[in-house]
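Q: Residue numbers (the working numbering), protein chains in the order written: chain B, 1 to 477; chain A, 1 to 177.
Careful, some of the hints might be misleading.
[What the hints assert, rightly or not] So the derived label-pair ranges between C-beta atoms look like this:
id	chain 1	residue 1	chain 2	residue 2	range
1	A	His128	B	Gly79	56 to 62 Å
2	B	Pro160	A	Gly43	38 to 44 Å
3	A	Phe98	B	Phe155	30 to 36 Å
4	A	Gly168	B	Leu115	35 to 41 Å
[Stated by the list, open to error] Now the stretches of chain B that chain A is said to cover, found in silico as 3 or more residues with beta-carbon under 8 Å:
id	region
5	84–96
6	218–225
7	232–242
8	260–270
These aren't lab readings, by the way, just hints derived from the structure by calculation.
Here a beta-carbon is modelled for each residue, glycine too, at the ideal position from N, C-alpha and C.
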Amino acid sequence: MAESTVIPEDLKPLAPPAELRRAPVVENNRRLGALTDQLSQFAEGKIPRWWWILFIPAAFCATVLLPVALVYQVSAGVGVWGNNHPVMWGLDIVSFIWWVGVAHAGTLISALLFLTRQHWRTTIGRAAEAMTVFSVMMAGLYPAIHVGRAWFDWFMFPIPNSNGLWPQFRSPLMWDVFAVNTYLVVSMLFWFMGMIPDLAVLRDRATTRPRKFILSLAAMGWTGSARHWHHYEKAYVVLCGLCTLLVFTVSSIVGLDFCTSQLAGWHATIFPLYFVIGAVFCGFGMILVILIPLRKWLRLENVITLSHMDKVAKLALVSGLIIAYIYSMEFFIAWYSNDPYERWVFGHRLFGHTYWFLGWILIGVNVGVTQLLWFKKIRANMKALFVIGLLINLGMFTERFVIVVGSLYQDFLPANWGVYLPTRWDVALYAGSLGAFFMLYLLFIKFLPFIAISEVKGATPQGNPHHPLGGAKGGRS
Amino acid sequence: MSKKPYGILAEFETPAALLSAAEKVRDAGYSRWDVFTPFPIHGMDRVMGLKNSLVGWVSLMMGAGAFVSVVGLIWFANAFDYPLLVGGKPMFSVPMTFVPAYIMMIMGAAVGALIGMFAFNELPRFHHPLFAGRRFELVSRDRFVLLIGSTDPKFSPTATRQLLESLGGAHIETIED
C-alpha cells in the first residue's frame, strides 16, 4: 500500500511540511477502478444482517404506526393530540421545526461547501443530501395534518376554486407552504441530478438484465461526454447556489411564523437567524449520528475519513457557539427590554414550573456538551462524537419545545395559563416519522449510490490531470 | 443496419494522457471529436474550446419568469380578483409579494437548471451507438476515452486510426452507427 500522500522525488523540495499538508480526500491512494469497486460494493452486494435489524423496526414504524396514527388523528380530529388552549402548537410543530432543521445541514454540506470548494464534502455530500430530502418529507407531513381538516389542504395553494377564494399572501404561514414545497422539490432535483453519473456507474457494472434495465432508465442515458459534463457542471453550480439560498430562506420563514406574532418569547427580530443556525446545528448532529455507524458498517473508513468527521465536528462546534451567543442575547434582550411579560417568560424558562428542567437540558446540551468538541481527542473518538450527535439532536428538540410550548403556556392573562403534555398520538406520530425517515434512508443506502462516486474520483490526485498520480509529467502538483 | 462508422474510440489510462492526446487531436485539425470520462477533467473545456454553458441563462430566465408570475398572481389574487383588506394595508404593494416570489424564483431557476442541462445534453437518450462499444462500460469506472466522429471532415478510417495509435491510445475500436 502506498503512503497516504505520495510526493514524487523531484517535487519534494516544493511540498509543504507534513503538518501543513491537506488531509487527502480519500486515504490509501487506491486506483480509480478499485475505488469504484469499493464505493459501489454495498449497493450491489448481499444485504447484511445489521441492515435487516435496523430496517424491520423502522419499516414497522413507517408502515404500521404512522398510518394508524394518521388515520386515527385525521378521522377523530386534532383533539387526540395534547394541543389545547392555550398551547395550540405542540409536539407537531416542534417536530416540524426539528425535521426542517435536520434537513438544513444536508444542504449546507452539499451546496455551500461545494461553492467554497471544500473537496472533502464529495465523500459525505450525497449522504447529507439524502438526509435533507427525507427529512423535508417528514417535516412537510406535520403542518399538512396540523391544519385539522387535512382534506382541505389544497386551500393553501393558489388554485382557482368555486368559492372564488385565494390564499392570503401576507401571512408567513402561507410563505411556509411555498418554502417547504420548494425546498422539497429543489433538494430532490439536486439530489437526483447529482446521482445521474453515479447511476451510470452502477448501470455499467450491472450484471443482471432487470438491474441493467432499471438503472439504464434512472441514469437517463448518461455517457460521460465532456460536453455533457460541461453543461452538467454549470447546472450543478447553479443548483448549489440556489440550494444555499434555500438554507437561509426556509428556516428564516419558519422563524417568521413565530416572530410576527405578539407573544412574549416569540416576538423577537433574532428569530429568523436563530432558526437557521439552530437548524444547521441540529443537522450536523444528525450527520454525525448517521455517518459514524455507516462508515464502519459499510467499510468506508478510508473514504469518510477521521479528518472529515473532524471537520463536521468543527462545523457543529461553530454553529453551537453561535447558538450559545443567541441564547445569551435572548435572555439579555428580555431583561434589557424591561418588558414584564418578556422577563416573566424568560425567567420561567429556567426557574418556572412544569418545564423548568427543559431549559436546563437545553443549555446543558447545546451550550455545555458542545464545548467538548474543542478537544481534538473527542473529535477523533467516534463513539464520543456519536453520543454528542445524539445529544445535539435531543438538545435541539428540547429547544424547539421550550420555544413553542414554553412561550405559549403562560401568555399575558393568568386566566389563560395552562399546561401541555403530549399524548400517545403525538408520540406515535413522531415515532412514525422517525421510522419512515430511517426506512427511506436504509433503502437509499442499499439501492442507490450512497457516495458520490464520480465526484470522489474527481477529487483524488489520480483524477487530476495536473498531478503526477494523474499521469502528469513533472509540472505542479 | 447500416455499416456506416459512427467514429473511432481510443482508450487512455490517465486523465493527463487523455488531455495531451486531446490537444494533439485538436492540433491535427479535427473538429468533431469528444472525450468520455468518469468525471470532468480539469482543463478539458479549454482544449475542446467549449464556450460558457448556456444552462445558467435558462435557469435565470425561468427564475425571473417565476418571480414575475408570482408577483402577478398575488396582485391578481389579493388585489384584483378578490380584494383582501388586511390590517388596513394597501391591497397590493411590492414588498408583500417578495417572499413568495423569491421562493418561487428559486423553484423556477432550479427546474430551469435541470431542464437546461437535459436539453443541451439531449438527455434522456436511452440508446447511443457508443453503448455498443466493447469496453465503453469502463468509462464510468476508470478509463478515459477519446472519440473521433465519422462526420468530421478530416475523418478517414485509416489515417484517424493511425493518429490515435500514435497518440498512445489503447483498444482502438471502430463503432458502427
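Q: None of the hints should be skipped; say for each whether it holds.
A: Going down the list of hints, with the structure as the test:
1. A/His128 x B/Gly79: 56 to 62 Å: At 59 Å between Cβs, range holds.
2. B/Pro160 x A/Gly43: 38 to 44 Å: Given range 38 to 44 Å: violated, Cβ gap about 53 Å.
3. A/Phe98 x B/Phe155: 30 to 36 Å: violated (23 Å)
4. A/Gly168 x B/Leu115: 35 to 41 Å: With a Cβ separation near 37 Å, A/Gly168 and B/Leu115 satisfy 35 to 41 Å, so the hint holds.
5. 84–96: violated (count 0)
6. 218–225: Our answer is that it holds, as 6 residues pass the Cβ test (under 8 Å) against chain A, meeting three.
7. 232–242: This one holds; 7 residues, not fewer than the three required, reach chain A with a Cβ under 8 Å.
8. 260–270: Since 0 is below three, the answer is violated.
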